[in-house]
Amino acid sequence: MCPFRTFILILALVSTGLLPCTTLAQPGSPNEAARQRDTVPNPFNPTRTTEGDPAVSTDIDDDLLLLAEHDIFFAGATAGVEITNNAFVDDTKENDLVGLGEFFFGAETLVGERVDVTALIAVGGFRYQDFDELDSDYFTAGLVASTPVKGVTVGGLLIYDDIMAQGDSAAELTQTRIGTYVQDTWVLDNGLQLTGRVQIARVLASPSDYESNQIWARLTGSYVLSPQVGLVGGVVCEYEAYDDYFEDITGESRDEFTVSGFLNLRYIFNPNVEAFVGLVYSQNESSLDQFDYSITSLTPSISISARF
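Residues -25 to -1, 1 to 283, numbered by mature numbering (1 follows the signal peptide of the UniProt record, and there is no 0), are exactly what the sequence shown covers, in order.
Among the hints, erroneous ones may be present.
Restraint ranges, calculated between C-beta atoms of paired labels, are given here [to be verified]:
(1) 129 - 226: 20 to 30 Å
(2) 234 - 47: 31 to 41 Å
(3) 226 - 246: 47 to 57 Å
(4) 82 - 177: 38 to 48 Å
(5) 277 - 70: 16 to 26 Å
(6) 100 - 246: 38 to 48 Å
(7) 165 - 243: 32 to 42 Å
(8) 47 - 129: 15 to 25 Å
Keep in mind that the hints were calculated from the coordinates and are not lab data. Just so you know, even glycine gets a beta-carbon here, dropped at the ideal spot from N, CA and C.
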């Protein structure tokens, strides 16, 4: 599996000290409006490399031969819309239409015949039709390395996010995620491929109120309907414990447990153009009642990319 198949864009839109802390601790604040994007693969975050494609083999002893069949660099753009029934991610259940856009550039190669290394930078943004106070832009830079160990894939990741709210607050959040994961894939006789992944991460942030420890597990099933059409679905369970989420104001710690289900349909027009339609449902239970929510989103999008 490509490390960036599950590359995490924590598209949280948060306020810093520019806003009172009491605003940050309320449901419907910008950071909660995109928290559910964290671990659920969606068509806005498509596969950016060809690893996992049967046409591209990494089981090659000669690195030069590998590079001949697998171009190192990749770049592209993705655009789409998200139809959501809970724009603020709270109990108000406000519907909205969100425009999505991203440009990305990266490199992937095999080091020492066993370690797959991927580096990526991306810039993008979200624009809400009705609630433009939730608009945001982001910059992401990441490095992921993985290697097979006793039949499974073990990896590490270092991801930096700079998320800039574009509403009246013009606030900014930076996060650095340091983590590790274990992943395995099973190919069944009927053509169904299952992938399981467990990941833990430490999140450093500015402001520090958003620092946390995370652990999540995901089971994904994929099925090729035709050479052009593929179907991917699965479930994600995530637990996140914040170090000190404004406890001087709330009077208690903040822990989150989120269960999400997703179903993505992928259509390949040609090696450079793909379309996606994704459906995601998430249910979150929090130690702070104001952060309990459920949300359903439908996201059609298109991605243009190239390897060189």
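Given a hinted range of 16 to 26 Å, is it respected by the beta-carbon distance of residue 277 and residue 70? 23 Å, holds
Is it true that residue 47 and residue 129 lie within 15 to 25 Å of each other by Cβ? 22 Å, holds
Using the Cβ atoms, figure out if residue 165 sits within 32 to 42 Å of residue 243. 21 Å Cβ-Cβ, so the 32 to 42 Å window is violated.
Verdict for residue 82, residue 177 (Cβ pair) under range 38 to 48 Å: 25 Å, violated
Does the hinted range 20 to 30 Å hold for residue 129 and residue 226 at CB? 40 Å, violated
Against the range 38 to 48 Å, how does the distance between the Cβ atoms of residue 100 and residue 246 compare: consistent or not? 27 Å, violated
For the range 47 to 57 Å, tell me whether the beta carbons of residue 226 and residue 246 fit it or not. 55 Å Cβ-Cβ, so the 47 to 57 Å window holds.
Indicate whether the distance between the beta carbons of residue 234 and residue 47 respects the range 31 to 41 Å. 38 Å, holds
Of the numbered hints listed earlier, those contradicted by the structure are 1, 4, 6 and 7.
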